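Trainee: Sequence:
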Amino acid sequence: MSWQLFDDSSQLLSYPDGGLNIGGAMSTPENPNPEGSLVRNDFALERYRYILQQIHSVNENAHRFLAIYQTLVTAIVGAILALFVGYRKWEVEPATARGGVVGLLILATMVAAFTVTQIAVGAIAWLDYRNEECDITDEMVGPNFRKRPRPGNLFRWYETYVVSFIVLSVAVMWLLASFFVLPAIE
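In case it helps, our numbering puts the sequence shown at residues 1149 to 1334.
If you're looking for bench data, these hints aren't it; they were derived computationally from the structure.
Since the model is a prediction, treat every value here as computed from it, not as a measurement.
The C-beta atom is built at its ideal place from N, Cα and C for all residues, glycine as well.
Be aware that a few hints might be false.
As the list claims (entries may be wrong) - Label-pair restraints from in silico Cβ distances:
no., residue 1, residue 2, range
1, L1200, L1302, 16 to 24 Å
2, A1192, F1328, 56 to 64 Å
3, G1300, A1230, 40 to 48 Å
4, N1209, F1328, 33 to 41 Å
5, A1215, T1244, 31 to 39 Å
Model the full assembly from the supplied sequences, consistent with the hints where possible.
Mentor: This is the structure:
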């Protein structure tokens, strides 16, 4: 049995057992209409490329949102510290300074909530795309070619630790402000 992978036009052909047929049309007893099969395979290949590109984008977006969170929260904490250090010099009433600190902490919490939401939605989208990827490979290549993602592997996903870091950092900010900054504003 010979395995012809490329014809003269360097297009991928099907295997003799009726496997994947991407570039050449080959009539078989099981498929008397190779042109329909060609269109179906081309569509599946394009969809597969799109899914892989979307998975890549979802992975990149998690890093972008973390960078946005780090940048904004660093600026907000800097503003809190500037307010704490300079409220007397600027002749700001202590109650107003405390309100400003609380307002900035609320703003930091909202930025954190937005970031956590975006990362969680990205993880759900990633699961959906990976399942669709598995559906395509199961049909076009063979069953169980690619293992499906398991949400039980949650502790192996970096998003879990990014979200944990964000939640923990917001809690630490509120605790530090409650025990050290707000009581010191007199």
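Trainee: Now tell me if each hint is right for this structure.
Mentor: For each hint, the structure was consulted:
1. The hinted range of 16 to 24 Å is satisfied by L1200 and L1302, whose Cβ atoms lie roughly 23 Å apart.
2. Between A1192 and F1328 the C-beta distance comes to about 59 Å, which sits within the given range of 56 to 64 Å.
3. Here the CB-CB span from G1300 to A1230 is close to 45 Å, well matched to the stated 40 to 48 Å.
4. Against the hinted window of 33 to 41 Å, the Cβ-Cβ separation of N1209 and F1328 comes to about 35 Å, which satisfies the hint.
5. For A1215 and T1244, the Cβ-Cβ distance of about 32 Å falls inside the hinted range of 31 to 39 Å, so the restraint holds.
Of the numbered hints listed earlier, not one is contradicted by the structure.
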